[in-house]
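Q: All chains should be built: construct the whole structure from the sequences, respecting the hints.
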Amino acid sequence: MQIVKYLLISIFLLIFFQTSNAQRFPEPDFESGYEVPETQTIAPRALSWEYLDVVVLFIALSVMSWFVIKKRSRKGIFWTSIFSIIYFGVIRLGCVCSVGSIQNVTLSLFQSNYIIPITVIAFFALPLLFTLFFGRTFCAGVCFMGAVQDLVNIKPISIPTWLNKPLSAIPYIYLVLALLLAATGADFIICRYDPFIGFFRMNATFGMFVFGAVILILGIFIGRPYCRFLCPYGVLLNWMSRLSFWHTTITPSVCIQCKLCDTSCPVDAINKPVQIKPETIEKGRNRLITLFVLLPVFIVASGFLASRLYKPLSTIHPTVHLAEEIKWEQDNSKKTGSEDSKAFHSTGIQASQLFSDAGRIQHFFYYGTWIGGAFLGLFFGISLLKTSIVRRQEDYEPDKGNCVSCGKCYKYCPVPPTP
Amino acid sequence: MSNEKIEKSILPETGKHLNRRDFLKTGLRAAAFLSLASITGYSLSKSMSDDLVWQIDPTKCVQCGKCATNCVLNMSAVKCMHVHKMCGYCDLCGGYFKPQVKNLDTGAENHLCPTKALKRSFVEAPYYKYDVDESLCNGCGKCVEGCGAFGNGSLHLQINHDLCTNCNQCAISKVCPADAIVQIPASKGYMLKSGFNT
Numbered sequence: 030m031q032i033v034k035y036l037l038i039s040i041f042l043l044i045f046f047q048t049s050n051a052q053r054f055p056e057p058d059f060e061s062g063y064e065v066p067e068t069q070t071i072a073p074r075a076l077s078w079e080y081l082d083v084v085v086l087f088i089a090l091s092v093m094s095w096f097v098i099k100k101r102s103r104k105g106i107f108w109t110s111i112f113s114i115i116y117f118g119v120i121r122l123g124c125v126c127s128v129g130s131i132q133n134v135t136l137s138l139f140q141s142n143y144i145i146p147i148t149v150i151a152f153f154a155l156p157l158l159f160t161l162f163f164g165r166t167f168c169a170g171v172c173f174m175g176a177v178q179d180l181v182n183i184k185p186i187s188i189p190t191w192l193n194k195p196l197s198a199i200p201y202i203y204l205v206l207a208l209l210l211a212a213t214g215a216d217f218i219i220c221r222y223d224p225f226i227g228f229f230r231m232n233a234t235f236g237m238f239v240f241g242a243v244i245l246i247l248g249i250f251i252g253r254p255y256c257r258f259l260c261p262y263g264v265l266l267n268w269m270s271r272l273s274f275w276h277t278t279i280t281p282s283v284c285i286q287c288k289l290c291d292t293s294c295p296v297d298a299i300n301k302p303v304q305i306k307p308e309t310i311e312k313g314r315n316r317l318i319t320l321f322v323l324l325p326v327f328i329v330a331s332g333f334l335a336s337r338l339y340k341p342l343s344t345i346h347p348t349v350h351l352a353e354e355i356k357w358e359q360d361n362s363k364k365t366g367s368e369d370s371k372a373f374h375s376t377g378i379q380a381s382q383l384f385s386d387a388g389r390i391q392h393f394f395y396y397g398t399w400i401g402g403a404f405l406g407l408f409f410g411i412s413l414l415k416t417s418i419v420r421r422q423e424d425y426e427p428d429k430g431n432c433v434s435c436g437k438c439y440k441y442c443p444v445p446p447t448p
Numbered sequence: 269m270s271n272e273k274i275e276k277s278i279l280p281e282t283g284k285h286l287n288r289r290d291f292l293k294t295g296l297r298a299a300a301f302l303s304l305a306s307i308t309g310y311s312l313s314k315s316m317s318d319d320l321v322w323q324i325d326p327t328k329c330v331q332c333g334k335c336a337t338n339c340v341l342n343m344s345a346v347k348c349m350h351v352h353k354m355c356g357y358c359d360l361c362g363g364y365f366k367p368q369v370k371n372l373d374t375g376a377e378n379h380l381c382p383t384k385a386l387k388r389s390f391v392e393a394p395y396y397k398y399d400v401d402e403s404l405c406n407g408c409g410k411c412v413e414g415c416g417a418f419g420n421g422s423l424h425l426q427i428n429h430d431l432c433t434n435c436n437q438c439a440i441s442k443v444c445p446a447d448a449i450v451q452i453p454a455s456k457g458y459m460l461k462s463g464f465n466t
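Going down the list, the sequences are from chains A and B. Counting from 30, one number per residue, gives the positions in the first sequence under this note's numbering. Counting from 269, one number per residue, gives the positions in the second sequence under this note's numbering.
Hints should not be assumed to be uniformly reliable.
Simulated crosslink set (DSS-like; lysine-lysine; CA at most 25 Å straight-line) [to be verified]:
1. K356(A) - K328(B)
2. K184(A) - K363(A)
3. K356(A) - K366(B)
4. K366(B) - K387(B)
5. K429(A) - K328(B)
6. K364(A) - K366(B)
Hint data in this document are derived by calculation from the structure and do not stem from the laboratory. Remember, predicted model here, so these are calculated numbers, not experimental data.
A: Spelled out as structure tokens, the structure:
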């Protein structure tokens, strides 16, 4: 008897809950034969279009590599880059791009609940693979951001090495930060602070428009400022390009050291002939040994310094941010009244649950900053090491890491191609 | 390099010299290729052939109004969608009229919608049909709030796939206080409310 009573009460409560919570009014009983319409929705972009993007990327990379390695045609490179601005920029509005895809891949490696589309993996891997074979032909103009900067660079000036080298370290820091924030699921900063996408969409915040405009105006004089001093994907392409099987050359035949191409490179990526004196070798060897001993110190010190930043960095993650707000509310026993706080209280999730989630994320940040900092220390140490290694070089050659295969140096070489 | 050393470093099958630098380079190339392959392979193991699209989880949405202002598009891709199958077809609609309105008519002063995107048409006494004109709707969610507070909650905000540029990182998801912006497989289409609980 007791059980039936409880059952009745619970059924009554269930009905009351349903009617009171979501659906206060009953389904209308139409007499005029009126039929309730379906909600009008428009289907998403067909999947085949996404695959077409990958095919277009593959073809563009192949054509670009052919123009760079085989044809040595600046004109061909130029028109391919115009095509990719139109297709990937104007038509596709820039998403998803290879530069941003490193974040999706990182997120898929670290967060088990994120399922990554195959097309995004293709956008990540194809340019790297092509670069391993042909050098940075992706940068030459398949990347629409590189292509845009290549277009505006009409009055190129050279940047002195003392400025070029430190600025070239920024992409490494940017990469580490972007990967850390992507791995923790905090944010995709590469996408958020993309300076060019606003121009294609004709929509961005005022700050981002200014940032984009500054990069483009700088780009008139400084060749590809974003590619060289910001692009985090460029770091990976740089590594791949150093090891590439084939790479573009300045001369179609043999270098005659005429110096005509000396200032032709818009990104300062031409290695000039180096003569080695015996005393520089002796000096370099001593410095090399000292720096080699100091390398672990750099790594640990940099890792330690970066790990000090884990708390402020972790507040970029929305869960940690919310947890701090709720903690503040608890400590001061009043409400902040923000939308976030209201939304959290309406979910009915326990604050302790939120705090434990936030704590786990902060832990992740702690180890992440250690690893990221150590990597930056290693990079810093190796960069210093490299300054004390001198290699004899006789010819004018493109620097395989920094050369973006834009082909602007081809016309400066007076040597005819070998038949 | 002594003769003995040179002999050792000759590849038996090609007879070419393999000096230290070439050896290092081949090793590094292999390492680069393998690491690229393993990262790609691992993410492929967690991938799907489908595409991801952004949607609003209507059960989480708190109608803060940020959808209208934070989308990268000038007119937000977030629109109010009406699940007719859940609607009570009321005369006094909490999503259509301002609270404590005098006349239940189509006079503009009585409307909750700031852009007059919510249209009402007579069906039969006492039922009225409500439709959203998506070209006018800016996704502010005022009607959604009204409908949820007084009615069945049949009006709710959703991201229109036709308009959404499918940014890699949805700008609204970053500011959404309720974490309601989620990525779902494109084949699932729309996260719409289902209808009457029966």
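Q: Taking the hints in turn, state whether each one holds.
A: Results for each hint:
A C-alpha spacing of about 22 Å is found between K356(A) and K328(B), which places the hinted pair at or below 25 Å, so the restraint holds. For the hint linking K184(A) to K363(A), the alpha-carbon distance of about 59 Å lies beyond 25 Å, and the restraint is violated. Proposed proximity of K356(A) and K366(B) is contradicted: the alpha carbons are some 37 Å apart, above 25 Å. With a C-alpha separation of about 14 Å, the suggested pairing of K366(B) with K387(B) holds against the 25 Å cut-off.
Proximity of K429(A) to K328(B) is assessed by CA-CA distance (about 51 Å); at most 25 Å being required, the pair is judged violated. In summary, the hint linking K364(A) to K366(B) is not supported, as the alpha carbons are separated by about 28 Å, beyond the 25 Å threshold.
Checked against the numbered hints above, the structure violates hints 2, 3, 5 and 6; every other hint is satisfied.
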